[in-house]
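**Q** Sequence:
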Amino acid sequence: MAAAADDMPLLEMLQVLSRTPVTEPQLRAVVAVTCGRWCAARGEDNEALRLLAHALELVPDLRPAMRLLYRIYLRRGDVRSAVRYLDQEIRATRHPREAAALYRERGKLVETHFGDRNAALQCYQAALKATPRDLAVLRSVETISLHQGDIFKLIANLEQQVEVLHDPPAVAGILRDLALLEARRGGDLPLASDMLGTALEEAQDHLLIAEDLHRVAALAGDVEMQLRALEAEADNLHEGHKAGPLAAMSQLLGANRERAASLQLLEAAARAQPESVTLWRNLEELSMRTANYDTAVAACLGQLRALGDEDRLTQAELFYRVGKLAMIRLDRVNEGLAAMRRALRLDPLHIPALEDAGRYLIANESWAQLLELLKTQATAAETAGLSAEERSQSLVRAGQVLEESLQELEGARAVYEDAIAACPTFRPASDRLERVLHQVGRLDALREHYHAELGRTKDTERKVFLLSILSQLAVREKDAGPATKYLVALLKEVPEHLTSIQLLARLLGRAGRSKELLQVTEQEIKLTLSAARRAKLLHRAAELALELGERERAYEYLRNALLAIDDHQPSINLLDRLLREDEDDDQLLDLLRRRLEHAEDRERRVALHLEISGILASKLGDHEGALAEIDTLLETWPGHLPALHRGERLAVDQRRWMLLCKFLEQHVAAAKSSRTQALLLYRLAQIRSSELGENGAAMADLRRALDHWPELSVARALLLDLCVYTRSIDELREAALDGLVCERSPTERRTIALLLAEFTHDPALSVVYLEAASVGAPGDAGGQLRLARAARAAGQ
Numbered sequence: 003m004a005a006a007a008d009d010m011p012l013l014e015m016l017q018v019l020s021r022t023p024v025t026e027p028q029l030r031a032v033v034a035v036t037c038g039r040w041c042a043a044r045g046e047d048n049e050a051l052r053l054l055a056h057a058l059e060l061v062p063d064l065r066p067a068m069r070l071l072y073r074i075y076l077r078r079g080d081v082r083s084a085v086r087y088l089d090q091e092i093r094a095t096r097h098p099r100e101a102a103a104l105y106r107e108r109g110k111l112v113e114t115h116f117g118d119r120n121a122a123l124q125c126y127q128a129a130l131k132a133t134p135r136d137l138a139v140l141r142s143v144e145t146i147s148l149h150q151g152d153i154f155k156l157i158a159n160l161e162q163q164v165e166v167l168h169d170p171p172a173v174a175g176i177l178r179d180l181a182l183l184e185a186r187r188g189g190d191l192p193l194a195s196d197m198l199g200t201a202l203e204e205a206q207d208h209l210l211i212a213e214d215l216h217r218v219a220a221l222a223g224d225v226e227m228q229l230r231a232l233e234a235e236a237d238n239l240h241e242g243h244k245a246g247p248l249a250a251m252s253q254l255l256g257a258n259r260e261r262a263a264s265l266q267l268l269e270a271a272a273r274a275q276p277e278s279v280t281l282w283r284n285l286e287e288l289s290m291r292t293a294n295y296d297t298a299v300a301a302c303l304g305q306l307r308a309l310g311d312e313d314r315l316t317q318a319e320l321f322y323r324v325g326k327l328a329m330i331r332l333d334r335v336n337e338g339l340a341a342m343r344r345a346l347r348l349d350p351l352h353i354p355a356l357e358d359a360g361r362y363l364i365a366n367e368s369w370a371q372l373l374e375l376l377k378t379q380a381t382a383a384e385t386a387g388l389s390a391e392e393r394s395q396s397l398v399r400a401g402q403v404l405e406e407s408l409q410e411l412e413g414a415r416a417v418y419e420d421a422i423a424a425c426p427t428f429r430p431a432s433d434r435l436e437r438v439l440h441q442v443g444r445l446d447a448l449r450e451h452y453h454a455e456l457g458r459t460k461d462t463e464r465k466v467f468l469l470s471i472l473s474q475l476a477v478r479e480k481d482a483g484p485a486t487k488y489l490v491a492l493l494k495e496v497p498e499h500l501t502s503i504q505l506l507a508r509l510l511g512r513a514g515r516s517k518e519l520l521q522v523t524e525q526e527i528k529l530t531l532s533a534a535r536r537a538k539l540l541h542r543a544a545e546l547a548l549e550l551g552e553r554e555r556a557y558e559y560l561r562n563a564l565l566a567i568d569d570h571q572p573s574i575n576l577l578d579r580l581l582r583e584d585e586d587d588d589q590l591l592d593l594l595r596r597r598l599e600h601a602e603d604r605e606r607r608v609a610l611h612l613e614i615s616g617i618l619a620s621k622l623g624d625h626e627g628a629l630a631e632i633d634t635l636l637e638t639w640p641g642h643l644p645a646l647h648r649g650e651r652l653a654v655d656q657r658r659w660m661l662l663c664k665f666l667e668q669h670v671a672a673a674k675s676s677r678t679q680a681l682l683l684y685r686l687a688q689i690r691s692s693e694l695g696e697n698g699a700a701m702a703d704l705r706r707a708l709d710h711w712p713e714l715s716v717a718r719a720l721l722l723d724l725c726v727y728t729r730s731i732d733e734l735r736e737a738a739l740d741g742l743v744c745e746r747s748p749t750e751r752r753t754i755a756l757l758l759a760e761f762t763h764d765p766a767l768s769v770v771y772l773e774a775a776s777v778g779a780p781g782d783a784g785g786q787l788r789l790a791r792a793a794r795a796a797g798q
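All residue numbers in the sequence shown are consecutive under this note's numbering, ending with 798.
Just so you know, these hints were derived from the structure itself, not from any lab. Each hint should be verified, as a subset may be incorrect.
[Claimed, not checked] Pairwise CB distance ranges (calculated):
| no. | residue 1 | residue 2 | range |
| --- | --- | --- | --- |
| 1 | Lys674 | Ala533 | 45 to 51 Å |
| 2 | Trp659 | Arg553 | 29 to 35 Å |
| 3 | Thr316 | Arg361 | 44 to 50 Å |
| 4 | Ser532 | Glu558 | 53 to 59 Å |
| 5 | Glu312 | Glu337 | 52 to 58 Å |
| 6 | Ala533 | Gly698 | 55 to 61 Å |
| 7 | Asp313 | Ser532 | 51 to 57 Å |
| 8 | Arg314 | Met290 | 21 to 27 Å |
| 9 | Glu337 | Glu357 | 15 to 21 Å |
Glycine residues also receive a C-beta, built at the ideal position from the N, C-alpha and C atoms.
Construct the entire structure; sequences and hints are all you get.
**A** Laid out in structure tokens, this is it:
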């Protein structure tokens with residue numbers, strides 16, 4: 003490199019530079035740049051920097067000089083100076099693509115040497131403004147967005163790259179990244195699924211995209227996309243590895259009720275991986291659900307091939323299923339019986355195989371053969387090593403054939419008795435014998451059977467059951483004595499047997515044995531958890547106690563019933579009757595308050611309030627309490643007239659004038675007749691003026707009364723008296739003038755006119771009023787004299 007530099011005609015160019023006049027700056031600058039390039043190549047950086055700086059002084063926009071300065075400073079490690087000259091080159095660049103390349107170069111430089119990703123991002127964005135489709139710049143922006151964790155900018159950048167790229171694999175990769183970002187940040191899963199679907203179209207052999215599409219589509223619930231992804235995944239796998247996607251497609255189609263396609267895919271999956279017992283088992287289950295019994299048989303055989311000769315019991319079960327399908331579903335009897343025999347050879351105690359073989363004989367109505375088969379099995383049971391219970395079970399099967407198929411109930415009874423003798427503890431034999439005895443109506447034999455079982459059983463629960471059944475049989479025959487005896491014995495074994503207690507109570511009730519019935523009822527009460535049932539029993543106990551004359555005990559039962567359910571109406575009604583009979587007003591009052599708490603009907607609540615107030619006032623002498631009860635009632639129903647009347651009477655008796663005024667105001671609001679309202683307001687005004695001294699309020703009430711009934715003379719008279727008393731001259735004059743218009747009585751009008759004349763300061767008006775008064779009573783000398791005096795005063 004140095005030798006090559008020595009060959010350069012550097013000295014000649016320096017001489018040319020010295021001879022070039024300053025008046026030709028461009029030529030001089032070009033020569034200086036050439037000299038600077040050769041100096042830089044020789045390693046003489048300082049001289050090169052001087053020459054290049056001189057060139058820029060001559061031509062400030064000379065880009066080759068800027069480029070050489072940038073490279074020299076970058077080589078020397080002076081990054082800031084390199085960036086400064088790179089910025090000058092950017093400013094001097096006119097072509098957008100070149101400017102974009104320079105911006106990208108500056109961004110890389112800032113990002114690499116200063117670690118300032120924000121500044122680098124600004125450079126890249128400036129480059130994108132110049133060339134929006136520059137893939138290299140877009141990749142740089144992608145890197146910074148990824149480092150900064152700015153998901154939205156990263157997504158926008160990837161979308162721009164998708165628009166720029168034309169290579170299908172690259173587009174598929176970008177779309178996959180976009181889809182995963184959309185899915186992982188909790189975004190639009192259907193959109194992510196669509197993008198992965200598009201990516202899969204671009205790169206159909208890309209297994210990762212297919213797997214990602216399957217996961218995202220599953221999250222989005224997009225069945226079509228899941229199937230598409232699984233199909234692509236299966237296409238890209240080798241033959242031996244396709245079972246997984248095929249099975250998943252089958253499961254997906256099955257969940258969406260596409261069972262035929264699901265079955266085909268699952269069968270293909272099982273055949274692709276024949277050693278998988280699980281796939282064959284799933285295929286069998288799906289075939290059974292879709293009634294494809296041929297496929298189910300093939301699936302069972304596939305399981306047998308996959309299992310080998312290791313598990314004999316499982317093989318027996320599979321052969322049993324093959325035989326059952328062949329015999330019952332496919333009508334291939336010979337094949338089915340052969341499979342059943344194979345199952346029994348593998349597992350001689352395989353009862354379902356024996357039962358289904360017998361069922362086939364039943365279907366063909368070969369009863370004698372079936373019975374002989376079962377008897378032979380029972381006979382050979384002991385030599386075959388079967389237990390007593392298994393021998394009894396064989397006899398029970400034979401008895402079932404006699405009972406249900408041949409209708410030989412007596413023969414079945416004998417076989418069942420033999421089964422019980424073989425194994426007394428075998429419950430089905432006893433149950434079958436019980437059923438046959440019921441069918442033939444042998445109640446005596448049935449009772450003997452129960453007695454025999456009762457004698458040999460050690461199980462307390464079974465003993466209780468037998469005693470209960472025996473008691474029910476006795477009740478059925480209307481034999482109360484033995485039934486009672488059985489129930490008493492049962493309760494000795496299990497004192498808390500509630501059903502028997504109830505049955506015993508019914509028997510005692512029919513017999514009229516109240517005392518014993520009360521004892522049984524008390525026992526049932528102790529065992530009863532239900533509050534409603536407990537209250538009902540306590541009420542019944544109270545009735546029984548009354549029958550026995552135990553009144554206090556009845557009270558106790560009723561109180562306990564109300565503790566169980568505080569609104570138990572039968573108990574409340576009975577307690578109410580007893581309290582009224584005993585005239586226990588205090589307790590009756592408490593009961594009425596309890597009834598009031600639970601009463602929902604409006605009329606009933608009102609009646610209870612009134613009754614409570616009546617008891618408080620008349621029987622207990624608690625007038626304050628009675629008034630409080632009426633006040634409570636009126637707060638709920640302010641317009642209830644009977645309550646208002648009673649409250650007014652009580653308030654008058656107690657001289658509770660303020661409360662009386664409150665009741666009267668409510669009465670006024672509730673009254674519908676205007677005259678009634680006027681009379682009530684008049685009464686209210688009387689009380690306010692005479693008892694409370696509230697003359698102003700009384701006058702207001704009187705004005706309201708006259709508004710409702712202008713002809714009410716007593717109200718107007720009281721209003722005029724109050725106006726005179728309070729010296730309310732203006733109100734007096736207004737009321738008097740209204741009275742002159744509304745009053746019908748001449749005497750009243752004359753009195754009002756005299757009153758107006760008395761309180762009128764204008765002599766002329768006084769003459770008018772007195773003249774009107776004298777017309778009504780021309781013989782009144784005093785009135786005439788007052789008229790003359792007034793006329794003289796008025797100059798008339």
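**Q** For every hint, state whether the structure bears it out.
**A** We went through each hint and held it up to the structure:
Between lysine 674 and alanine 533 the beta carbons are some 47 Å apart, a value that agrees with the proposed interval 45 to 51 Å. Distance hint check: the CB atoms of tryptophan 659 and arginine 553 are about 46 Å apart, inconsistent with the given range 29 to 35 Å. Taken as a hint, the range 44 to 50 Å is violated for the pair threonine 316 and arginine 361, whose Cβ atoms sit roughly 23 Å apart. At about 20 Å, the CB distance of serine 532 to glutamate 558 disagrees with the hint of 53 to 59 Å.
A C-beta distance of roughly 25 Å is found between glutamate 312 and glutamate 337, which places it outside the suggested range of 52 to 58 Å. The given range of 55 to 61 Å is respected by alanine 533 and glycine 698, whose C-beta atoms sit roughly 60 Å from each other. Checked against the given bound of 51 to 57 Å, the beta carbons of aspartate 313 and serine 532, roughly 53 Å apart, stay inside it. Look at arginine 314 against methionine 290: about 24 Å separates their beta carbons, and that is inside 21 to 27 Å.
In this structure, glutamate 337 and glutamate 357 meet the distance hint of 15 to 21 Å, their C-beta atoms being roughly 19 Å apart.
Consistency note: the structure conflicts with the earlier hints numbered 2, 3, 4, 5.
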